[in-house]
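J.: Got two chains here, separate frames each, mind docking them using the hints?
One-letter residues, chain by chain:
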Amino acid sequence: KAGVTQTPRYLIKTRGQQVTLSCSPISGHRSVSWYQQTPGQGLQFLFEYFSETQRNKGNFPGRFSGRQFSNSRSEMNVSTLELGDSALYLCASSLAQGAGANVLTFGAGSRLTVL
Amino acid sequence: AQSVTQPDIHITVSEGASLELRCNYSYGATPYLFWYVQSPGQGLQLLLKYFSGDTLVQGIKGFEAEFKRSQSSFNLRKPSVHWSDAAEYFCAVGNNDMRFGAGTRLTVKP
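Residue numbers (our numbering), protein chains in the order written: chain A, 1 to 115; chain B, 1001 to 1110.
If we strip away everything but chain B, and leave its shape as in the complex, we get (with noise of 0.2 angstroms):
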């Protein structure tokens, strides 16, 4: 069965510092791997996607993701926070019917 793990509830970074957010997916087959990000109020916008091919991908707001099958992560990062960052993120894996994680939240200290 499929499954998406995000180890981390909550993080807080300051401003201009790096980022990485955790995802680890269980699934039976080659994933399609998403991350989302949530505002509060708000429904899920995309930041990024893997279907295939070069594994390290390029979203929205300067984040990137890297896939790696061998650890079986598709960890989130950005080299420089920025306070609108501040959000919920969500990773999640399939295709017909996808899984979420339980999402991070992020604070972002001034």
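With the rest of the complex left out, here is chain A (with noise of 0.2 angstroms):
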């Protein structure tokens, strides 16, 4: 079956703009999280959705949103970028939320640069 996919892979923006980011989940998975990983801080969680709510929040100022539609497809939106924005912005699916169940499978990441 198909895996994680994240589009787009990589795109270039300047400061001040907006950027959307795109995630589809394993079909049947119905938790997508998002994680940003830089090399000065490393993985860290953004958010998690469930059933179109975000059941989790890291600790990220609110130009970092997200949402998540009907069929468990997220997006992640960064506004008024800034140039340490400048991340792998990776998506993970699982099957549920809870214990045992958040066994994370994860996409190949969009690349943001910011200029």
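Because the hints were derived from the structure by calculation, they are not lab data.
Because the structure is a prediction, the values reported are computed rather than measured.
One or more of the hints may lead you astray.
What the hints assert, rightly or not - Once the Cα atoms are required to be at most 25 angstroms apart in a straight line, the calculated SDA-like pairs of lysine to any residue come out as:
1) A:K57 with B:L1046
2) A:K57 with B:N1024
3) A:K57 with B:Y1027
4) A:K13 with A:R63
5) B:K1049 with A:T113
6) B:K1049 with A:R63
7) B:K1049 with A:A108
8) B:K1049 with A:R55
9) B:K1049 with A:G58
10) B:K1061 with A:R63
11) B:K1049 with A:H29
12) A:K57 with B:K1061
13) B:K1049 with A:Q41
14) B:K1049 with B:N1075
15) B:K1049 with A:A96
16) A:K57 with B:N1095
17) B:K1049 with A:K13
18) B:K1049 with B:K1068
19) B:K1049 with A:F45
20) B:K1109 with B:R1099
21) B:K1109 with B:S1039
22) B:K1061 with A:K13
23) B:K1109 with A:P39
24) B:K1061 with A:G3
25) B:K1049 with A:Q44
26) B:K1049 with A:S27
27) B:K1109 with B:Q1042
28) A:K57 with B:R1099
29) A:K13 with A:T113
30) A:K57 with B:T1005
31) B:K1068 with B:P1007
32) B:K1049 with B:P1110
T.: Put into structure tokens, the structure is as follows:
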């Protein structure tokens, strides 16, 4: 079966712009999590969506937002981009939320460069 | 608060040698523990996981890890490393909001 698909794979933006990243989870997976990966901070949890509801949120400013659609596809948005937002954004899906179920399958990521 | 520490930023081993990557965690309850591997430009691939039961868990690609509650550790091992194992390895703990270690980059010498 198809894995987690993230689009676009690479993008370049300038400071002040906004960006939307898309994630299509594995068929049947209802939970989608987003992570930011940078050389300095490593992998940091952004948020998790389950059944179109944000269930958990990491420690990121309000410029970072997301949503999940009824087909479990998810998007994340970053507004007013800063240079420090340059990162690999990883999406992961899992069957369900909760104990014992949260084995994450990751996509290949979206590489964002902010100039 | 849950956290993960991977003490070794970079490890170099010769092909065919054994490997052990260290992971220490802090978690308030029984932890769910994971090891992931990331090749350059790629996402993370699950190697193995521990939820409960047998403390020695087997994973893909010949990897295994042992959960030691008394030491709060979940070290990853492989008896004989292959050149294709060169990658970055991440230990993770958690449930709904996974916390990852900083990663250990593995270099394999021919």
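J.: Determine for every hint whether it applies to the structure shown.
T.: Checked hints:
| no. | hint | result |
| --- | --- | --- |
| 1 | A:K57 with B:L1046 | holds (23 angstroms) |
| 2 | A:K57 with B:N1024 | holds (24 angstroms) |
| 3 | A:K57 with B:Y1027 | holds (18 angstroms) |
| 4 | A:K13 with A:R63 | holds (15 angstroms) |
| 5 | B:K1049 with A:T113 | violated (33 angstroms) |
| 6 | B:K1049 with A:R63 | violated (33 angstroms) |
| 7 | B:K1049 with A:A108 | holds (20 angstroms) |
| 8 | B:K1049 with A:R55 | holds (23 angstroms) |
| 9 | B:K1049 with A:G58 | holds (23 angstroms) |
| 10 | B:K1061 with A:R63 | violated (40 angstroms) |
| 11 | B:K1049 with A:H29 | holds (19 angstroms) |
| 12 | A:K57 with B:K1061 | violated (33 angstroms) |
| 13 | B:K1049 with A:Q41 | holds (24 angstroms) |
| 14 | B:K1049 with B:N1075 | holds (12 angstroms) |
| 15 | B:K1049 with A:A96 | holds (16 angstroms) |
| 16 | A:K57 with B:N1095 | holds (13 angstroms) |
| 17 | B:K1049 with A:K13 | violated (37 angstroms) |
| 18 | B:K1049 with B:K1068 | holds (14 angstroms) |
| 19 | B:K1049 with A:F45 | holds (19 angstroms) |
| 20 | B:K1109 with B:R1099 | violated (30 angstroms) |
| 21 | B:K1109 with B:S1039 | holds (17 angstroms) |
| 22 | B:K1061 with A:K13 | violated (38 angstroms) |
| 23 | B:K1109 with A:P39 | holds (24 angstroms) |
| 24 | B:K1061 with A:G3 | holds (19 angstroms) |
| 25 | B:K1049 with A:Q44 | holds (20 angstroms) |
| 26 | B:K1049 with A:S27 | holds (22 angstroms) |
| 27 | B:K1109 with B:Q1042 | holds (22 angstroms) |
| 28 | A:K57 with B:R1099 | holds (12 angstroms) |
| 29 | A:K13 with A:T113 | holds (6 angstroms) |
| 30 | A:K57 with B:T1005 | holds (22 angstroms) |
| 31 | B:K1068 with B:P1007 | holds (16 angstroms) |
| 32 | B:K1049 with B:P1110 | violated (29 angstroms) |
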